[in-house]
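A.B. asks: The whole structure should be built from the sequences, with the hints applied where relevant.
Line by line, the protein sequences give chains L and H. Residue numbering for the first sequence follows the numbering used here, starting at 55 and increasing by one per position. Residue numbering for the second sequence follows the numbering used here, starting at 10 and increasing by one per position.
Treat the hints with caution; some may be incorrect.
[Said to hold, decoys possible] Just the calculated beta-carbon pair ranges, DEER-fashion:
1. H:131 - L:128: 42 to 50 Å
2. H:64 - L:153: 36 to 44 Å
3. H:21 - L:118: 36 to 44 Å
4. H:37 - L:145: 19 to 27 Å
5. H:126 - L:68: 33 to 41 Å
6. L:145 - H:62: 36 to 44 Å
7. L:104 - H:129: 25 to 33 Å
8. H:131 - L:125: 48 to 56 Å
9. L:114 - H:62: 16 to 24 Å
[Said to hold, decoys possible] Stretch by stretch, here's where chain L covers chain H in the computed footprint (C-beta under 8 Å, at least three residues):
10. 37 to 43
11. 84 to 90
12. 105 to 119
13. 134 to 141
If you're looking for bench data, these hints aren't it; they were derived computationally from the structure. For each residue, glycine too, the CB sits at the ideal point set by N, CA and C.
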Amino acid sequence: MAFLTIEPGTDLTPAQRRRAGRVGPPSVMLPTSYPSLLRSAGFVDVEIIDLTAEYRITQQAKFDEAERHRDELIALVGVDEHEEGRRDRRNTLDGIDAGLLRRRLYVARRR
Amino acid sequence: MSEILERDRHERGYARSEADVVQAIGRVVLDTDYHANGYTTRAQADRLGDVLDLAPGRVLVDVGSGGGWPGLYLARRHGCSVIAIDPVVTGVQTAHRRIVDDAMTGRAWAVAGTAAALPVRPASVDAVVHTDVMC
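C.D. replies: Pasting the structure below:
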């Protein structure tokens with residue numbers, strides 16, 4: 055099995071974790087860790103690859119493209135939702151830069 | 010209740026992914042013309058295919074595949090079979106249209122289902138992938 059996900063950064067204070075939950079994707083706050091979930095599902099060989107730098111580039115591109123297509127997006131979703139999305143995208147970028155969010159690739163195998 | 014709201018959010022997202030502007034943004038940001046709405050780029054999808062050793066004769070399950078990204082793409086690239094599973098009907102319909110358009114019927118299926126109750130028999134698949142499902 056292999057999966058890509060976004061999760062809170064390491065060694066965050068409770069306040070930072072709360073902020074990560076606000077600026078990250080809707081379900082970013084997992085009550086446990088992926089390695090423990092994988093172990094409980096019988097996976098023993100788990101490789102973790104950090105892709106946060108790529109995530110930062112993707113998120114910046116999302117922000118830039120949404121700006122470039124602002125008028126078309128407003129026609130699609132309305133000005134309020136577009137502005138809310140713009141704030142969210144900006145906050146997510148700030149969260150990545152602050153180390154609150156990271157993207158990882160998990161590769162897990164059963165023996 | 011939260012599951013219903015979440016499904017509703019995804020229904021809206023998949024419906025909007027049909028719009029030309031959303032497709033144009035997806036091509037630039039994720040380098041894909043599939044109806045992708047997450048963070049998985051083509052380079053990352055390629056990496057998934059490589060680490061999973063996908064090849065003709067193998068069966069891949071993509072859990073939470075939405076409109077088919079990246080499961081259908083991986084099956085096309087590596088020649089394997091794929092079962093693309095998503096709980097949101099709009100996403101399943103989009104993925105099915107892509108299967109037909111890409112002439113992949115017979116080795117690609119888009120079906121409604123959830124991770125908690127996958128519509129596949131135990132030990133019947135070779136690889137499982139999911140992207141941006143748990144975040």
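A.B. asks: Taking the hints in turn, state whether each one holds.
C.D. replies: Hints versus structure:
1. H:131 - L:128: 42 to 50 Å: holds, 48 Å
2. H:64 - L:153: 36 to 44 Å: Distance hint for residue 64 (chain H), residue 153 (chain L) holds at roughly 38 Å.
3. H:21 - L:118: 36 to 44 Å: violated, 23 Å
4. H:37 - L:145: 19 to 27 Å: Since the Cβ atoms of residue 37 (chain H) and residue 145 (chain L) sit about 22 Å apart, the hinted range of 19 to 27 Å holds.
5. H:126 - L:68: 33 to 41 Å: At roughly 35 Å between Cβ atoms, residue 68 (chain L) and residue 126 (chain H) fall inside 33 to 41 Å, so the hint holds.
6. L:145 - H:62: 36 to 44 Å: 38 Å Cβ-Cβ, so the 36 to 44 Å window holds.
7. L:104 - H:129: 25 to 33 Å: Cβ of residue 104 (chain L) to Cβ of residue 129 (chain H): about 31 Å, so the range 25 to 33 Å holds.
8. H:131 - L:125: 48 to 56 Å: holds, 51 Å
9. L:114 - H:62: 16 to 24 Å: Between residue 114 (chain L) and residue 62 (chain H), where Cβ atoms are some 32 Å apart, the hint is violated.
10. 37 to 43: holds (count 3)
11. 84 to 90: Since 0 is below three, the answer is violated.
12. 105 to 119: violated (count 0)
13. 134 to 141: holds (count 6)
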